[in-house]
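Student: Here is how the chains run, residue by residue.
There are 2 protein chains.
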Amino acid sequence: MKEFSYHFSGKETRYYLDAGFADMPPVINRKGCIVITDTNLYQHYAPLLEGWQTIVIPAGEQYKQQSTIDDIIRRLIEMEADRTSFIIGMGGGVVTDIAGYVAGIYLRGVRFALMPTSILAMVDAAIGGKNGIDIGIYKNLVGLIRQPDFILYDYSLLDTLPAEEWVNGFAEVIKHACIKDATLFELLQSKDIAYFKTNKEALGALIERNIHIKSTVVAGDERESGERRLLNFGHTFGHAIENLYQLPHGHAVSIGMVIAAAISQEMTGFSAVSNESLVQLLQQYQLPVQFSFDKAKAFSILKMDKKREKEAMNFILLQSIGEGIVQSIPLTQMESIVMQRL
Amino acid sequence: MKEFSYHFSGKETRYYLDAGFADMPPVINRKGCIVITDTNLYQHYAPLLEGWQTIVIPAGEQYKQQSTIDDIIRRLIEMEADRTSFIIGMGGGVVTDIAGYVAGIYLRGVRFALMPTSILAMVDAAIGGKNGIDIGIYKNLVGLIRQPDFILYDYSLLDTLPAEEWVNGFAEVIKHACIKDATLFELLQSKDIAYFKTNKEALGALIERNIHIKSTVVAGDERESGERRLLNFGHTFGHAIENLYQLPHGHAVSIGMVIAAAISQEMTGFSAVSNESLVQLLQQYQLPVQFSFDKAKAFSILKMDKKREKEAMNFILLQSIGEGIVQSIPLTQMESIVMQRL
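Those protein sequence lines, which keep their order, are chains A and B. Each residue of the first sequence is one higher than the last, beginning at 1 in this note's numbering. Each residue of the second sequence is one higher than the last, beginning at 1 in this note's numbering.
Extracted from the complex, chain A is given alone in its bound form (with noise of 0.2 Å):
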């Protein structure tokens, strides 16, 4: 096992690399503790869990909604949960955001810690304090900054985990090494999807890797008011055709990353070879890297993206590969460029 902290606003998160369950910080007594998990990991790993009160939930970013935290709450209702409790949220990104924000509601606020279980998860969605649900079509409209108490990394939990998630972790990998690791980059071109789920040691590392680069953007920018922008390459166009075509979040930020890169070429100097070295890195991880989607729907969507500020967004574009940066285009244009160029 492998510790490690950050600091986050006044806040220290620990991570524990290639630990399990009985490596469990002290502070964790069972009895107060709730783990909230989600169908498919129950059904693999139920017999862990014996012993824990849990919560487990219907899998699936459909279910990522207010009706599932009131169906939650009333369970910590039952549960007598009380301030002193602990919840654990085992799971893929969908738990984690969910674990993370009946945590900062319920009684004003528990503690809680989480337990990636996908790749996506443990490389993103765990790390940050992003937390929330989707309202409706509009991704992640509600929710919170707040961290854990700690991250748990057991990657035995990754042997169940089903091959399209692999893919759909690779898309933010590849998002991390586009906005800021050139050596990533280089690394992921000379290796493949297959290459990672049998080499424990080689994935370790990148996980490791991808921790840092995403921990240090975090506790740099906690509230997003710069750098941690850049963490949005890709999800500006991801987020408004995911729900819209019930796309899987990974292949929606391949097509965005497409999209965005391409818009790049544009108005960055970004070239054209390095664009096409990306397009062909997300295909030799299985990504999608086209999509024909409607676009005025599209664009109502995006507008509503929290990255908007009045007739502005934030759109992340790159300047090399390993190199984001925040531009601010005005929504009219972008409306042209989705009307017209896509």
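To be clear, the hints were calculated from the coordinates, so they are not data collected in a lab. Worth double-checking, as some hints may not be accurate.
Here are the computed lysine to aspartate or glutamate pairs in the EDC-like style, where the Cα-Cα straight-line distance is at most 20 Å [what the hints assert, rightly or not]:
hint : chain 1 : residue 1 : chain 2 : residue 2
1    : B       : K310      : A       : D221
2    : A       : K11       : B       : D221
3    : A       : K295      : B       : E80
4    : A       : K191      : A       : E309
5    : B       : K31       : A       : E311
6    : B       : K197      : B       : E186
7    : B       : K2        : B       : E208
8    : B       : K295      : B       : E335
9    : A       : K303      : B       : E78
10   : B       : K297      : A       : E80
11   : B       : K310      : A       : E80
12   : A       : K31       : A       : E80
13   : B       : K11       : A       : D221
14   : B       : K295      : A       : E80
15   : B       : K297      : A       : D221
16   : A       : K297      : B       : E80
17   : B       : K303      : A       : E80
18   : B       : K11       : A       : E222
19   : B       : K191      : B       : E276
20   : A       : K2        : A       : E208
21   : B       : K197      : B       : D221
22   : A       : K310      : B       : E78
23   : A       : K303      : B       : E80
24   : A       : K2        : A       : E12
25   : B       : K2        : B       : D149
26   : B       : K200      : B       : E164
27   : B       : K11       : B       : E222
28   : B       : K11       : B       : D221
29   : A       : K2        : A       : D23
30   : B       : K303      : A       : E12
31   : A       : K31       : B       : E311
32   : A       : K197      : A       : D18
33   : B       : K297      : B       : E335
34   : B       : K31       : A       : E309
35   : A       : K310      : B       : E80
36   : A       : K297      : B       : E78
37   : A       : K11       : B       : E222
38   : A       : K200      : A       : D159
Based on these hints, arrange chain B on the given structure of chain A.
Tutor: Frame of chain A, contents of chain B only:
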């Protein structure tokens, strides 16, 4: 107009006393503002709100529920509210609680201010950043602690406050006197509601004195790990019976204070004379001092109070008039007090 500030965990909240809509600080531009108010207030003050984007919610504690939050979020989406939007909660305690909560979760938090319109909201609910909603009969079970940018006091709005709401508000004024301010207790003994209703200057001074009592306590213990607990005097039993019998908040708190004072007599040496003074003062301000309720039901709700920690409850008692203390009472003892003594 009078201005001052209190500092809460890294956040300064500005207070504008004896002010009006026209005194809104320049940070507020009408275009980016959304006023949340209720049907009662809108009926009286629609002309004042002309030109402001407004969300009007149904009036009453029974609407302090998730369904109202769902409606407000839907309206905010329709209005295309973004991260630069600024929410103003104009109303009594229900409106200020709801507006603060919505501002805390919409797009993971937008800025907000409060404009309390009842005595209760002016001296209590609008101060200290606690917000939230009830879950069925459980009071404030879900919410946040998050401070507003400013609180604006327009005393002229009290002109339309119904008589029973004046009574409600004085329950919290008397509470402040009991736990912190014996001189205020004596002042209250020498006056009555009719006096404060007709003497604007005395009313302004009374409200200001209560603002300082509450703000000072909260500034010293925002997360309620110590002294802030004192503000819950009368609220443990109060909350247990409030929604169960649909009592006005002030009535429930008044009955709760009488019960807590009786328990104080047994446990802290709070004198019979002081106890009698409190009961008399509550009656002088038209508040109820006894109420027969289903003890078993009340205890089962009381168990879910946010002040419970595992098998004990942090209960607020009086040592003397003007001096509250926190005492941890085991649930079993609490139950026998409820079942045998009351």
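Student: Evaluate each hint against the coordinates.
Tutor: Hint by hint, here is what the structure shows:
1. K310(B) with D221(A): violated, 36 Å
2. K11(A) with D221(B): The given pair, whose Cα atoms are some 17 Å apart, holds under the 20 Å limit.
3. K295(A) with E80(B): With Cα atoms ~19 Å apart, K295(A) and E80(B) stay inside 20 Å; holds.
4. K191(A) with E309(A): Roughly 39 Å between the alpha carbons, so the hint for K191(A) and E309(A) is violated.
5. K31(B) with E311(A): holds, 13 Å
6. K197(B) with E186(B): holds, 18 Å
7. K2(B) with E208(B): holds, 10 Å
8. K295(B) with E335(B): holds, 9 Å
9. K303(A) with E78(B): holds, 11 Å
10. K297(B) with E80(A): holds, 15 Å
11. K310(B) with E80(A): holds, 9 Å
12. K31(A) with E80(A): Holds: K31(A) and E80(A) sit about 12 Å apart, inside 20 Å.
13. K11(B) with D221(A): holds, 17 Å
14. K295(B) with E80(A): The given pair, whose Cα atoms are some 19 Å apart, holds under the 20 Å limit.
15. K297(B) with D221(A): violated, 48 Å
16. K297(A) with E80(B): holds, 15 Å
17. K303(B) with E80(A): OK: K303(B) and E80(A) at ~8 Å, within 20 Å.
18. K11(B) with E222(A): Judged against 20 Å, a Cα distance of about 16 Å means the pair holds.
19. K191(B) with E276(B): Judged against 20 Å, a Cα distance of about 17 Å means the pair holds.
20. K2(A) with E208(A): Holds, at about 10 Å.
21. K197(B) with D221(B): Given that 20 Å is the threshold and the Cα spacing comes to 33 Å, the pair is violated.
22. K310(A) with E78(B): Status holds; Cα separation ~14 Å.
23. K303(A) with E80(B): Status holds; Cα separation ~8 Å.
24. K2(A) with E12(A): Status holds; Cα separation ~16 Å.
25. K2(B) with D149(B): Judged against 20 Å, a Cα distance of about 16 Å means the pair holds.
26. K200(B) with E164(B): holds, 19 Å
27. K11(B) with E222(B): The hint holds at about 11 Å.
28. K11(B) with D221(B): holds, 14 Å
29. K2(A) with D23(A): holds, 11 Å
30. K303(B) with E12(A): Violated - the C-alpha atoms of E12(A) and K303(B) are around 32 Å apart, more than 20 Å.
31. K31(A) with E311(B): holds, 13 Å
32. K197(A) with D18(A): Holds, at roughly 15 Å.
33. K297(B) with E335(B): With Cα atoms ~11 Å apart, K297(B) and E335(B) stay inside 20 Å; holds.
34. K31(B) with E309(A): holds, 13 Å
35. K310(A) with E80(B): With Cα atoms ~9 Å apart, K310(A) and E80(B) stay inside 20 Å; holds.
36. K297(A) with E78(B): holds, 15 Å
37. K11(A) with E222(B): holds, 16 Å
38. K200(A) with D159(A): holds, 11 Å
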